[in-house]
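There are 2 protein chains.
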Amino acid sequence: MMEYEVKIRVGSLLPLRTRLASLGIRPAKNLTEKDTYFNSPTRDFGRTDEALRIRTTDEGASFTYKGPKIGIAGVKAREELIVSVDPKETMEEILLRLGFTRTAAVEKTRETYRVEGTYIALDEVKGLGSFVEIEAPPGLGEKEAIALIGRVREELGVEGEETTLSYLEMILAKR
Amino acid sequence: MMEYEVKIRVGSLLPLRTRLASLGIRPAKNLTEKDTYFNSPTRDFGRTDEALRIRTTDEGASFTYKGPKIGIAGVKAREELIVSVDPKETMEEILLRLGFTRTAAVEKTRETYRVEGTYIALDEVKGLGSFVEIEAPPGLGEKEAIALIGRVREELGVEGEETTLSYLEMILAKR
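Protein chains in written order, with numbering that gives the first Met the number 0: chain A, 0 to 174; chain B, 0 to 174.
You may find that some hints are simply not true.
Remember, identical chains collapse to one label, so a pair may be satisfied in a single copy or spanning two.
[Claimed, not checked] Pairs of lysine-lysine residues, derived as DSSO-like cross-links and limited to a Cα-Cα distance of at most 30 Å, are as follows:
1. 125 to 142
2. 142 to 173
3. 107 to 87
4. 33 to 87
These aren't lab readings, by the way, just hints derived from the structure by calculation.
These numbers come from a predicted model, not from an experiment.
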């Protein structure tokens, strides 16, 4: 499944939160997400632009593979494969046995909204700041996904600098 | 977690099934298990005696890593790490993306019983025949595990040839 999204660095999440409330849109979820990223014994995911992650939230744990990013006019597209796993500690142990190594941890609080089919995430990322992500629903083609993301962004008036960097890359770059 | 078990090749499962019924012990479960085994891109699990498996039953799917076998007087001991995964097709896709390769499939019907804390499995393995496995409950030390397995085997009168080979190894050896 391809994932299309735009990520915008914002000074504060407050203006968008206020705008959503004024439109009568309430958060669908409010979660703390703790991510552990792994690197492969056969290739450096930093160079191949892949990612392997175990994510824990109050709802459970997931294991995700992300393919290389394809940048299209500020929108980030990449393949994403997700499975739910339980217990996550054992999944982590298996990865270590298979030669994978832990590279970094990313922790954030994420408030999600649904707007016109898109997923809006208001993220506070530990050590990095505030970000807004607008993600197209799965199954959309590239053109429709980009158009929809642009329309929703304009409607919500999200101002700020776009980035195609992942939180993992930002954290590794700060080191 | 260490797993201690003895595996016995039998001509038929019928005598043991009758013996268990006469003792008033009923099967706890009766499942069809479909296993897919994978090999690593960094080392040959056939040589290192490790195993990586996705198992599907009617109850769901699991992902298992098994460490090298330690043979102790016909009892097979090895480390086993298991997580439940969902959906299993995506787990398989992730493994392929990470460079793992499918090696073989093992399919069997397994009837399980609990006898004095041990797990007894009556297996009909496609292409291989009938086997009885007696596994010690987790948490037991080596000595207690071996003694318990021997006692239960005697009590149930399971006759046949012991093997420390896994079904995977038997299937690969037949090729």
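Do the hints match the structure? See the list:
1. With identical chains, the CA atoms of residue 125 and residue 142 are never at most 30 Å apart, being 33 Å at best within one copy and 49 Å at best between copies.
2. When the C-alpha separation of residue 142 and residue 173 is checked against a cutoff of 30 Å, the pair qualifies neither within a copy, at 34 Å, nor between copies, at 52 Å.
3. In this homomeric assembly, residue 107 and residue 87 come within 30 Å of each other (Cα to Cα) both inside a single copy, at 18 Å, and across copies, at 28 Å.
4. Taking the closest pair of Cα atoms, residue 33 and residue 87 come within 30 Å of each other both inside a single copy (12 Å) and across two copies (23 Å).
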